[in-house]
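Dock chains B, C and D against chain A, hints included.
Each chain, written out:
Number of protein chains: 4
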Amino acid sequence: MGGFGRKAYEFLSELGLGPRNPGCFVIAEVMEASIEDYEEGLRACANAAKIWMQIPAPKRGEIVRQIGEALRTKLYYLGRLVSLEMGKILPEGIGEVQEIIDMCDYAVGLSRQLNGSIIPSERPNHMMLEVWNPLGIVGVITAFNFPCAVLGWNACIALVCGNCVVWKGAPTTPLITIAMTEIVAQVLEKNNLPAAIFTSFCGGAEIGEAIARDTRIPLVSFTGSSKVGLLVQQNVHKRFGKCLLELSGNNAIIVMDDADIQLAVRSVLFAAVGTAGQRCTTCRRLLLHESVYQTVVDQLIQVYKQVNIGDPLEKGTLLGPLHTPISKENFVKGIEVIKAQGGKILVGGSVIDSEGNFVQPTIVEIAPSAQVVKEELFGPVLYVMKFQTLNEAIEINNSVPQGLSSSIFTRKPEIIFKWIGPHGSDCGIVNVNIPTNGAEIGGAFGGEKATGGGREAGSDSWKQYMRRST
Amino acid sequence: MGGFGRKAYEFLSELGLGPRNPGCFVIAEVMEASIEDYEEGLRACANAAKIWMQIPAPKRGEIVRQIGEALRTKLYYLGRLVSLEMGKILPEGIGEVQEIIDMCDYAVGLSRQLNGSIIPSERPNHMMLEVWNPLGIVGVITAFNFPCAVLGWNACIALVCGNCVVWKGAPTTPLITIAMTEIVAQVLEKNNLPAAIFTSFCGGAEIGEAIARDTRIPLVSFTGSSKVGLLVQQNVHKRFGKCLLELSGNNAIIVMDDADIQLAVRSVLFAAVGTAGQRCTTCRRLLLHESVYQTVVDQLIQVYKQVNIGDPLEKGTLLGPLHTPISKENFVKGIEVIKAQGGKILVGGSVIDSEGNFVQPTIVEIAPSAQVVKEELFGPVLYVMKFQTLNEAIEINNSVPQGLSSSIFTRKPEIIFKWIGPHGSDCGIVNVNIPTNGAEIGGAFGGEKATGGGREAGSDSWKQYMRRST
Amino acid sequence: MGGFGRKAYEFLSELGLGPRNPGCFVIAEVMEASIEDYEEGLRACANAAKIWMQIPAPKRGEIVRQIGEALRTKLYYLGRLVSLEMGKILPEGIGEVQEIIDMCDYAVGLSRQLNGSIIPSERPNHMMLEVWNPLGIVGVITAFNFPCAVLGWNACIALVCGNCVVWKGAPTTPLITIAMTEIVAQVLEKNNLPAAIFTSFCGGAEIGEAIARDTRIPLVSFTGSSKVGLLVQQNVHKRFGKCLLELSGNNAIIVMDDADIQLAVRSVLFAAVGTAGQRCTTCRRLLLHESVYQTVVDQLIQVYKQVNIGDPLEKGTLLGPLHTPISKENFVKGIEVIKAQGGKILVGGSVIDSEGNFVQPTIVEIAPSAQVVKEELFGPVLYVMKFQTLNEAIEINNSVPQGLSSSIFTRKPEIIFKWIGPHGSDCGIVNVNIPTNGAEIGGAFGGEKATGGGREAGSDSWKQYMRRST
Amino acid sequence: MGGFGRKAYEFLSELGLGPRNPGCFVIAEVMEASIEDYEEGLRACANAAKIWMQIPAPKRGEIVRQIGEALRTKLYYLGRLVSLEMGKILPEGIGEVQEIIDMCDYAVGLSRQLNGSIIPSERPNHMMLEVWNPLGIVGVITAFNFPCAVLGWNACIALVCGNCVVWKGAPTTPLITIAMTEIVAQVLEKNNLPAAIFTSFCGGAEIGEAIARDTRIPLVSFTGSSKVGLLVQQNVHKRFGKCLLELSGNNAIIVMDDADIQLAVRSVLFAAVGTAGQRCTTCRRLLLHESVYQTVVDQLIQVYKQVNIGDPLEKGTLLGPLHTPISKENFVKGIEVIKAQGGKILVGGSVIDSEGNFVQPTIVEIAPSAQVVKEELFGPVLYVMKFQTLNEAIEINNSVPQGLSSSIFTRKPEIIFKWIGPHGSDCGIVNVNIPTNGAEIGGAFGGEKATGGGREAGSDSWKQYMRRST
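Residue numbers (this note's numbering), protein chains in the order written: chain A, 380 to 849; chain B, 380 to 849; chain C, 380 to 849; chain D, 380 to 849.
Be a bit skeptical, because a hint or two may be false.
When chains are identical, the list treats them as one kind, so a pair holds in a single copy or across two.
Okay, derived cross-link-like pairs now, DMTMM-like style, lysine to aspartate or glutamate, Cα gap no bigger than 25 Å in a straight line [stated by the list, open to error]:
id, residue 1, residue 2
1, 797, 693
2, 797, 639
3, 569, 501
4, 617, 754
5, 453, 501
6, 429, 793
7, 723, 708
8, 438, 839
9, 617, 637
10, 438, 744
11, 684, 715
12, 438, 793
13, 797, 441
14, 453, 441
15, 718, 744
16, 429, 501
17, 453, 478
18, 684, 561
19, 718, 416
20, 617, 774
21, 791, 771
22, 617, 585
23, 753, 419
24, 765, 732
25, 718, 448
26, 429, 774
27, 791, 501
28, 617, 418
Keep in mind the hints are simulated off the structure, nothing from the lab.
The shape of chain A in the complex, shown without the other chains (with noise of 0.2 Å):
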């Protein structure tokens, strides 16, 4: 967490987590997982593989409906510890255990809908059918800006397809890891169903190593860095197994010349300053058309100045710390690099002298050829540009690597139907009057290019957690 001394932690006794843990350290103690303690797990898991996949699906769904209800006993806590954990702010803290519990929800429906198909055949007497099976075993490693609710869309989906899940979470938020795992675990066995359906390990890049290169996890869920997920995916394609990346966003919100200027401003400022901007949906480019670009820039830097920056638990905090000092360390070598290219800081771009990793929310005005925009900078750092007509606008929006989210603010629907088309935003997330942040996990979750291609919660993005026999 973003460098708190130890307060009083008396909740964390209600998850279950002790002064020592095995596996991690600042607020507890607690140990990493060995590659010895790996192969024992994944044995386990194995094992519990052969016994979960024969369970009819309606019935795994009841039990992932059991862990909905379990975590929503302990919503409360659970979010206090993600916003301790991690640094981001209570509200989000909380938000995203609720993810998972309407993960678990919206799974048990499916697991009485993960439905094949029956094709009519051309011979005679015969039927095509399309049947899906689960994969064994899914292993899901997460980030630490989401410790909690990525592995709520990849693990609900997964257990109702049948499949056991081995889950790394991030080597920073290792109670997060250890508590949930705990609230599973109790589940299953209250269900009389082997704790190693849902395996996890706290641990680095020597567990996930092992997880991308193991022939008995045919499909690897990954997300994090861009350059991490290829890294994985190779080491996974090697094997023929099958990988589900969701890598780093780098993703734009346009305000055209006829938007709401008032709902634009609300959204941008969340959208680039929540999770101090360490969401992989976070808004870091600003595309403003020229007759709105001075006001709505004015609007922003007013509205900057008055974020309220504290300790994430508390009530009115806008923007907690930065995760890690290293973190820290990428934002102020970061804002060098902005000014080497350019960039013209037109509020924040300090760190702030305190004992957490806290920085300062921050806007450049900046060219978009810059290379420095092409990349993701983990921060509250937003670029703005201006351009003249919606075509240079979709230009300079697709114009990075990356391809997660995207908004446009508009009234037109000419505008919004040309955004939405074939000529329009190349990302997975395609918003209209609505900021990056905030997908629902109805619909599937995911981008584009370097980010990806995967999709994960809803729609039928189940059908990437099983294999089809025709």
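Relative to the frame of chain A, chains B, C and D by itself:
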């Protein structure tokens, strides 16, 4: 047809039509089918059904593809016949035949996609299958105004679904019935299949009632008036059969204050005057925002005065005759009722003194509350009304018993979303910036309320032509 | 209920039921609703509809989830009440309540999947949307035999689809109606929503007819006899409303010569005697291959003689009383008709002399052609018949007017595929090696022919509860 | 082709092929494309992409329909060319061309069904849309063994989805590449569309690598060996493109003790010897229950001895030559390895002394554990093995790295359901009582594990050819 005398109809021989045909009048003589003919035809059809439902769906698709090809080679002649016998202008006649051809192409693809489902069971080692089986025979009763297209929507789908078709065309368009039947029969026979797979009758109410009461016909698709439709439905339901109804429409176009007026005027003209106002999707009511009322009305009156009335086969004609002398009489009576109920004729309102059943395209200013507005007057009569708010416009739109088609002209997204949402139009077809007519085969065609609730052509309409075994 | 006197019904207070309830008799006193009550209730419901359909579907799902949770906490009490008031044995009573709970869970997932379609248009720069909108109010008329489950199938789906529900339970099971309504109302009110979203009436034919004729109720779901169903349908259609009918079943089990006899006998026993033969999916006809006829009949007679008859709340009871004295009378009359038509009673055939409406489980040897076999006798009476070939068995299976459920016991794939194919069973539910009863909520429940053609619960049944705008 | 000398190839002129063609040898001379040609071609294609993706999908479907018609008129000539250039027997050559024609018909229907979804949003007055947009350009790299059909699966779908196609055929089948391209170009030009919408190259690895590395090609569909496939995948992923791989198969047929032996023997013959064992779905492994082992082996040896080997264009020929002299060499080397690893040749095993690349159809008795059994030997070599239990048979079936196709011959439903379930075959195609080859276009074609995981042709395969915007 609309009362033309015998011209040189040599092209009829291209369609296999001779001077005397089993079932016809005016253009050629046709003998109507008797109940004995019906019984004989249906017995053959029931025998053919046993063969047809055994043929693999993709093979049935291949037959339908060949039917489409056969129609394509006769496109021009058939279009001419439609125009001649029904009275609609030639481009509309050709367009109608093209629509069956498109349906054939569509149905070919569908023949490999009549997919059932495999649903996960809560019992171990069990599967739930949802299989779609043919019904056996589908009865199709069509109306004079679309003597070809409506048959195509029903028959193409019914055939690939494994059903035989029993078709009763309108008594006033027997030549089309015969020509179509001939073409289909040739394809079937070339493939060594009984022609009775597609059985048709020229005849009136007696044959229609026989179909409605026949327990060998599990599904009856009826297109026509709400009054007759209700009767058919009762007869079919009494024997626990199913109905697909496409009944009366009373379709409104709403023009908001921000609409593209020129586009709206042109759309209204074609939607209200096309096919001499004898389409089920004809625009019959025009709801104008008070701020644009006078402009739109003035422009419409102008274009109405320039409408080219005449021989539907002639190039440049926009308005042909009404279908029969009775249609003409109904027009005259309708105008009287309109006047009696306070309607003010803005343009038109009279029949045209000529050999054919020609009437003037007519615009009437009238209160939405007038009783005559709730009914479908099958001719080129348009009621114009004024409104102040969107809510008021939607209320007027929804205030008639029918619920087929509706359109709004506006540029505002919030109006569009309200219009297509739960508190918007209550019709089956809800258009934006296009007129009420002009459905596409890829979507499901049909309407709510007194329009009957059926859906034909695209989307999942095919499920109505099959029975589901779980 | 089946005529038990007043015992210690303290548990009723757990369900909020007092000694006097607005609308009951036998167990407690209930006042039936008058037409004035109906009108008042419906007006409140129509007002509530405007609010409910505006709430986002996933939020409606959350309410339904809470209803499920509330039922879960009362599962045992409600099950006991069903058993007590309806007369079915306790495990069946509890099972029925569990089914609504499962439906709630299922509907939660569905609330994020009420998907419309975006269909490619043939016009440049156009899209075709297929949007699903709520109907407004759904009327649900249920029967005494499933006083809970059938409501659940309809109400859970109707509610997440954005519809209010107007429920008329059976006049002989008013306490269940009241208890259920109470539970739902509490959840709605806790969420600051009008309780009228779920409006129910205790009452008889008068209320039923009011619902059928009420133009404010676009869809009426009716469960009951084919005779009454036909009447309801006529009334609803006259006003251009829609119907969902679940009417009589007359379900056969076929036992082939290669069947697992032990499995078949056990399945027939539960399917024919369960709920005292008062399920719509009760097995009423048993078609036995001549080579296994005598064996199966002998074994069945043996197990029938050992059936434990008695207090449905008692552990070990398999057969409780019939629902009412009238049911008992119908049984007696039925047996007379059977004998008159040549039926031979192999076992049972008499009422049991006792306080309650108990009758003997009965097996009758009879010709498939006997008229009485075509009708649904609502009690534990099983007709056995002999056949020689599969084709003959299928013909007998399909020879009754009803078309709900059917089963075959065999080990041969070619028989199974014939059975579920176009020339097989004509029922909506077509089982293999499981009895006629026991549908799962993930599939669509319902039957063909005189059974009415409706489909409830799973698959795409939800589409019937919405209207489609293209 | 398999080494035939120049005969009278007059029919080639029917396909627009002259004695000199830009890219060929043996039959006619073809010049291979250079990297400069590639760059020029791709630039034209990228320009064409901007036009093509703007055309409404149903109109694109109409173009594909015309392509199908054009192929239909040349069916016989094209089939003959496939047979001549690839070496497969004439009925197989014609069958392959017919498959593209079927794909065209299928794609026409699909062009009206590329449906996105409208998903209920949890936000009031919001909708979630899932829109499918074209990718732009799809690269298709095909292999010599199906020079037509595999192109058809990919190109027909890619085209209706709005993508241009860049095709690299096998370097040893250039005439087919040229003939196909010519036909498509004519249709495009007749419709005033740039021929570059369908761009093809005759060439080798250099062109293949250029496609894999080209960032203008978001999706590359590759058919060929697992080894090359892995390389292509790495190159495509490095630039964050997507891959569709159809790689090696190593397909087994299991014959249970209750199987129809005659049916099984005939199926194995065609699956193992057809296309000279050069299909990806060729049966390479035959697993026989010990009780039927000797019978099946004896019968197979008999029919193998009667296989008609010779000119593939001749009537009655069952086995033509291998594709190239290198294929023949590989066969010889393979037989040596087999012997070295303990394989016993039961029949065949030698090359045939002749002008062409003919080899004997071969049966080998070998242990499942032999290394050579894990690999794909591209020729008519069948490994037979003995097993005792179903579990053992499934284990052997799943023990190879590849996972394309698999079949079982049995009459028992419980075996069938195990076979297609989670503990059954791990292949993408899982057949029952039909051989490993013979996929239908309505289903999704493709395999798991080293086969690559892609799916082509039917079902929802089209989604891979588009990008999803939520």
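Status of the hints after comparison with the structure:
no.	hint	verdict
1	797 to 693	neither (43 Å within a copy, 40 Å between copies)
2	797 to 639	both (19 Å within a copy, 19 Å between copies)
3	569 to 501	between (49 Å within a copy, 20 Å between copies)
4	617 to 754	between (28 Å within a copy, 17 Å between copies)
5	453 to 501	between (55 Å within a copy, 23 Å between copies)
6	429 to 793	between (53 Å within a copy, 19 Å between copies)
7	723 to 708	within (20 Å within a copy, 68 Å between copies)
8	438 to 839	both (21 Å within a copy, 21 Å between copies)
9	617 to 637	neither (50 Å within a copy, 40 Å between copies)
10	438 to 744	neither (55 Å within a copy, 41 Å between copies)
11	684 to 715	within (21 Å within a copy, 73 Å between copies)
12	438 to 793	between (47 Å within a copy, 22 Å between copies)
13	797 to 441	between (43 Å within a copy, 24 Å between copies)
14	453 to 441	both (19 Å within a copy, 18 Å between copies)
15	718 to 744	within (10 Å within a copy, 69 Å between copies)
16	429 to 501	between (36 Å within a copy, 18 Å between copies)
17	453 to 478	within (13 Å within a copy, 28 Å between copies)
18	684 to 561	neither (42 Å within a copy, 52 Å between copies)
19	718 to 416	neither (47 Å within a copy, 44 Å between copies)
20	617 to 774	between (35 Å within a copy, 23 Å between copies)
21	791 to 771	both (17 Å within a copy, 24 Å between copies)
22	617 to 585	both (18 Å within a copy, 23 Å between copies)
23	753 to 419	neither (42 Å within a copy, 29 Å between copies)
24	765 to 732	neither (33 Å within a copy, 66 Å between copies)
25	718 to 448	neither (50 Å within a copy, 57 Å between copies)
26	429 to 774	between (50 Å within a copy, 14 Å between copies)
27	791 to 501	between (48 Å within a copy, 23 Å between copies)
28	617 to 418	within (20 Å within a copy, 30 Å between copies)
The structure is inconsistent with the numbered hints 1, 9, 10, 18, 19, 23, 24 and 25, although it conforms to all the rest.
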